[in-house]
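Assemble chains B, C and D onto chain A, guided by the hints.
In case you want the letters, here they are:
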Amino acid sequence: MDHPIQTDYLRWIVLLPLLGAVWNGLLGAQLQKRLGKWVISLFACGPVVGSFLLSVAAFQDLLSREPEQRFLIDRVYPWITLATLNVDVAFWVDPLSAVMILVVTGIGGLIHIYSVGYMHDDRSFWRYFAFLNLFTFAMLMLVTADNLLLMFIGWEGVGLCSYALIGFWYHDHVNTRAGNKAFLVNRVGDFGFILGIFLIFWSLDHHGHATVTFREIQKFVSLLQGQEIWGIGVITLATLFLFLGATGKSAQIPLHVWLPDAMQGPTPVSALIHAATMVTAGVYMIVRLHFLYSLAPLTLHVVAFIGLATALGAATIALTQTDIKRVLAYSTISQLGYMFLGAGVAAYGAAIFHLMTHAFFKACLFLGSGSVIHAMGGEQDMRNMGGLRRHMPWTFLTFTVAVLAIAGTPLTAGFFSKDEILWQAFSSPHGTPLLWFFGVVGAGLTAFYMFRQLFLVFFGECRANHHVKEHLHESPAVMTLPLVVLAVGSIVAGWIGAPAAFAPMFGPNLFAAWLEPVVGGRHEAQGSATLEEILMVLSVSVAAAGVYLAYRMYFKRSLSPERFSSLANGRPYRLFFNKYYVDEFYQSVFVDGALKLARVGAWIDEHIIDFIVDGSAKTTAFVSWLNGLFDNYVIDGLVNAVADGTFWAGGKFRKVQTGNINSYLYVILGAVIVVIIVKLRYGS
Amino acid sequence: MVGLTHYLVIGAILFCLGLYTVLTRRNAISILMGVELILNSANINYVAFAHYSSGSLDGQIYAIFVIMLAAAEAAVGLAIVLAIFQLFHTIDVAATETLRE
Amino acid sequence: MTDHVLTYMTFFPVAGMVAVLLLPRERHDLIRWVSALFTVPPLLLAVWLFRNFDRANPGFQFIEKFDWIPAYNIQYFVGVDGISISMVLLTALLSFLCIFASWGIDKGVKGYFALFLLLDAGMMGVFVALDFFLFYIFWEVMLLPMYFLIGIWGGPRREYAAIKFFLYTLFGSVLMLLAILALYFTTEPHTFDMTQLIAQSDRYGTTPLPFWPFDQLRWGFQHVVWMALFIGFAIKIPAFPFHTWLPDAHVEAPTAISVILAGVLLKMGTYGILRINYSMFPEATGDLAFWFLGALGAWNIIYGALCAMAQKDLKKLVAYSSVSHMGYVMLGMATFTPHGINGAVLQMFNHGTITGMLFLMVGVIYDRAHHRDIEGFGGVAAIMPVYTGVSAFAIFASMGLPGLSGFISEVLVLLGAWQKYPVLSVLGASGVILTAGYLLWTVQRVFLGATNEKYKTMPEINGRELFTMIPLAVIILIVGVYPSVVLDLLSASLEQLNQAVIPHLG
Amino acid sequence: MEISTAIFYLVAAVTVGSAAMVAFSRNIIHSAFSLLGTFAGVAGIYVFLGADFVAGVQVLVYVGGILVLILFAVMLTHRITDVQITNRSAGRIPGLVVVAILFVLLVQSIGETPWAKAKEVVYKATTASIGDLFLGDYLLPFELASLVLLAALIGAVVLARQEIKE
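Residue numbers (our numbering), protein chains in the order written: chain A, 1065 to 1748; chain B, 9 to 109; chain C, 191 to 696; chain D, 1345 to 1510.
Looking at chain A on its own, in the form it has when it is part of the complex (with noise of 0.2 Å):
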């Protein structure tokens, strides 16, 4: 670890989709004006497949190595220097970043090739690769940053990228206000990172030995023990500034409220960004700060209850909503919820095999939706769709084999890496049974509202009215072939981390042991495999009573759904159904309390101080007018009557004005010899 490899290419695989970007996006116009829009395709997607194909170069480089070795890092030039403040551009590959940038480009390449079809009759086709370009770029920096400043350029670039994706169709200003909210809350979170950054470089620097970069920060981080700031310990007060960072940009409360408008912006862009691959950099940032947070306990605590009530409270929102995107929308949130429960009881690793399994079926899902979205020409109201199994069978097939996986039915990639982290919530030190109980509550909603989603949108009889109905179709191959490869993902992709009560049938977890040299080993701590056992089959029969409900009120319909949504008045429906009210609390409290005190900052301005500014001048001109009173009649009157006095004066004394040289000699010899005298008589 001390001397790490530097390697070359890492670069290119951060900087090959910034070429493509950068092409695309100067040149794009003209170029697909000209030539048409295969060449704005092959110039994203070649560059994402590059990039993934080095990433897999990488990985290989890794597995080569021992476990400690497993290493690189290409340091690029010094980025800042400035005293203590030393920021390298440099990029790294451990094993926890070689399995971001794997899903990053693997699953981005996937969505790159799907776009292709989806986007194929956009004018801004261009355009939107520029950006889906841009924002792999970003999201890479992110993941292979070796110090938090340069990972602050990944994090805050994808947060733009996101911004101009989803107002990708800006005529519609319903779309740009969901970007400009999903970029300001995500600048209340960028604030908290920020803040954390200074927290950190200024407490090592306490020690003499101010970085901002991970592994001396690792190196560091015990010096920070018992330090304090405003009474409350460093390292707490740093995590959880960085934690509100990792709130904004994976979408958990309080600031989860950009991630459904999100869904306004294109639907692979919702499958890249907003479910597979930004959403999680909040888990990452965690993961990879996960020594600082071992050392903060209430940290811990606070990620974990927050990771929870999101789960929860995202899961209770999804089973009310009709939009197709929407529904999936809050069930990223709420398995994001999952992965920081994962994270916030110290299960480093089941956190980040959740986000990977996690990264396979949403983004199934969400293409899914978009080939069903597309092929409903544009129609995004479950309540209008149905029986589509009959028209998209692949899609069909497809979306089933995720609803499964996130459902959590045993041996799909879902089921063991909810169960992980349902495991490690129970039995790990940071951990209770309470958190394993509300999260498998949460499990067993997931299960209901995905079934009922697969069975409104896929089964019964299809409620769209005639038009849409003649023009229903499969999608063409290029986004068919990306859900199948995903698909398969979901299923296998879960299978190297196995625990060990499947070692016999998928072999040890290879997955926990890859990430042991980064985030220490798995804990086994408590409870035996039996217990692990016990508790998985008691997950899987909530998740299985809330598949059977949703069997009965949406495919048998024997039980009508307004049984639940009238209870309690209707009240915890509409509760449910109007998210809470969070959005329009945010709304009057920040929004409006922004904007009022914006006014009254003007209004102080122009009133206030342009008045006193104003008020000056005008006493100054007032005083000038009395002045000038005063001039016209006293000072003028009396400059008057003496020019008068002098008039006349003159007319007596012009006998004076001779013309004559002498007379005026005269004068002045005599002035000369009053002076002289007076000099004589009086001066010194």
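Because the hints were derived from the structure by calculation, they are not lab data. Ideal Cβ placement from N, Cα and C applies to all residues, glycine included. Misleading hints may appear alongside valid ones.
With a straight-line Cα cutoff of 20 Å, these simulated EDC-like cross-link-like pairs (lysine to aspartate or glutamate) come out [to be verified]:
id: 1; chain 1: A; residue 1: 1097; chain 2: C; residue 2: 650
id: 2; chain 1: C; residue 1: 502; chain 2: A; residue 2: 1132
id: 3; chain 1: C; residue 1: 502; chain 2: A; residue 2: 1670
id: 4; chain 1: D; residue 1: 1468; chain 2: B; residue 2: 66
id: 5; chain 1: C; residue 1: 644; chain 2: A; residue 2: 1236
id: 6; chain 1: A; residue 1: 1660; chain 2: C; residue 2: 565
id: 7; chain 1: A; residue 1: 1660; chain 2: C; residue 2: 503
Cβ-to-Cβ under 8 Å is the rule here; a few derived chain D residues that face chain B [unchecked claim]:
id: 8; residue: 1356
id: 9; residue: 1377
id: 10; residue: 1390
id: 11; residue: 1398
id: 12; residue: 1440
id: 13; residue: 1450
id: 14; residue: 1459
id: 15; residue: 1465
id: 16; residue: 1468
id: 17; residue: 1473
id: 18; residue: 1474
id: 19; residue: 1479
id: 20; residue: 1480
id: 21; residue: 1485
id: 22; residue: 1496
id: 23; residue: 1500
Which residues of chain D face chain B? A partial, calculated answer using Cβ under 8 Å [to be verified]:
id: 24; residue: 1352
id: 25; residue: 1403
id: 26; residue: 1405
This is chains B, C and D only, laid out in the frame that chain A set:
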């Protein structure tokens, strides 16, 4: 012993004579002569002060400038006199008092 | 040639002014091209200066010094160090670009360009002058053309704006003049030489104020002089509550003048504080910096951002964003950490380029639509895509997007501030959220949304306008990706300045 | 009394005497010629004051230039055959009184004023130093003086041309 005072007195005498000339003469050329006397008296003072008081050459330099300007003044002044003579056929300043109101 | 670089840079525009005055008044294009021609040599010399500046030397370089009015010990004394070099570069660049941004002026062309070149000389002079008297002369030389440029070529309320500008700055100048004279007469021998005054900066330590009745406040002579200078400079920055001339002046001034105003003139305030207040009164600086620079800077950040949010006029919004962004400079200066102070000077440079670009952006759309009402646009992105792209770049740079220059300076400032005043740092950082708020809202209302039928035929940004903006964009990007390009110039001198003040911090 | 003192008084007497002639003579020709004596005497006084160069200039410019000019002017404005080559005076008595008062006062001032004294009174050739000064410290006034002379020259020519035109 001859000292600063002697020179200053000579200067004063010349000045007064020049002034008297200027005051009493009606002939423009005579007035110019008076002015020359005044200038010479000033020059004597300059050079005398330079010699006895300051010890530097500045006074002499000024004297030279005064001489230069006197030459210029004489040339222009006499040209004017000639022009006036041409116009009025006299150079009696009393006859040319057109400046009078 | 190389011995007198700074003199050439300063007086080339004056030569240009003379040349312009000699041209016939109806040859508009000739006048424009000649003016442009005379701003090229300073730019080239600036590049030369950039290449040859000794980055390790904290002292003054490229010095020229000889007696001017020996009777009062006044010298012609110019030179640059790390504090001024970036400003000199910025001035040369913006002057050159602004000539092209002024191409559309067609009223009194000759007078406009002549005054503009004089303004250019004045600005350059302020940044290179090392003699206080010379500094003051250049300072005033710069104010007069500005007054006329706003008052004659400005918008509808130009006279109000020009007079407001003039009164404010005149007020500042008077205070400054008093302070300068006070300094002059307290030195022995009397001198205007800044290096001398800096060298004697410790002599005020025990000078009590003869007429100050409040002993317990321990204000000495230097505190009063400090405050007089500070108010003079604060008006220029502009710091709350001396900032209200700025929105009016900006709104009424022609585009290029707004760029110069924001890009260069505002920097003179902070530059003056660094050059004069800091180096000549380290002790008073130590006593007063927290309240008058740090806290006021943080207040500026938030207050400016809030006011910007409430504006309906696009140009006024950008003007208030300047108030907000200059707050970072003040906050950074008050930290006395290498990060903060370098960040502050870098922010001065970055603000010049970024806000310059923003004003050019406003100018482009104003030339087409003849109004600047934010609500009156909408959907410009569909009509002018290239323009939208360039503008978005500028706006995001102003927002401090990582990878662009504004980010580096803001992070450095806030980082520096955190060590000394964590609360101010938190406040400043929250300003970033507000900034994003009003800028995004602006983007949404102007560029996005349904296409406005009224402007459907608006022509795309033309080559000349792009030419004025692209160099700035390139600089913003380069400084963002490789900030050392500017930071290396600054750090040695600023470190020296820091070391002078730090022992006096309370 | 030393020889030099005697010569000083002699020179002074010549100067003052011919100046008096200038002031009081009835004939303008006499006045003009007396001026020669004054100028020469002043040149002598310069020599006593160790100002050799100034003395030279005095002789060259005053005697050689200005005086000749004056004589020319006299002759051009008075036909030599004219009987009335008079030099009319007016208001002699008041003039005399005023000038006398002034003179008394001047002498009184000269006597009462504590004049600064140089450390030592030196006599040495000054021409070279004056030349240096003219091309050094006094370069600007020197050049200006040449401009003035040029202007005077041109002015004189212009005024004289009017005469021919008429």
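Now the hints, each set against the structure:
1. A:1097 / C:650: It holds: about 17 Å lies between the C-alpha atoms, which stays within 20 Å.
2. C:502 / A:1132: Outside the cut-off at roughly 60 Å; violated.
3. C:502 / A:1670: holds (14 Å)
4. D:1468 / B:66: Since the Cα atoms of residue 1468 (chain D) and residue 66 (chain B) sit roughly 15 Å apart, the hinted pair holds (cutoff 20 Å).
5. C:644 / A:1236: holds (18 Å)
6. A:1660 / C:565: Within the cut-off at roughly 18 Å; holds.
7. A:1660 / C:503: holds (18 Å)
8. 1356: holds (5 Å)
9. 1377: violated (11 Å)
10. 1390: holds (6 Å)
11. 1398: holds (5 Å)
12. 1440: holds (7 Å)
13. 1450: holds (4 Å)
14. 1459: At about 6 Å, which falls below the 8 Å cut-off, the nearest Cβ of chain B leaves the hint on residue 1459 (chain D) intact, so it holds.
15. 1465: With a minimum Cβ separation of about 6 Å from chain B (threshold 8 Å), the hint on residue 1465 (chain D) holds.
16. 1468: Hint violated; residue 1468 (chain D) Cβ to chain B Cβ min 11 Å, cut 8 Å.
17. 1473: It holds, given that the least Cβ distance between residue 1473 (chain D) and chain B is near 6 Å, below 8 Å.
18. 1474: holds (6 Å)
19. 1479: Hint violated; residue 1479 (chain D) Cβ to chain B Cβ min 12 Å, cut 8 Å.
20. 1480: With Cβ-Cβ at 11 Å, over 8 Å, it is violated.
21. 1485: holds (7 Å)
22. 1496: holds (3 Å)
23. 1500: At 4 Å from the nearest chain B Cβ, residue 1500 (chain D) passes the 8 Å test, so the hint holds.
24. 1352: holds (5 Å)
25. 1403: violated (10 Å)
26. 1405: Because about 5 Å separates residue 1405 (chain D) from the closest Cβ in chain B, which is inside the 8 Å limit, the hint holds.
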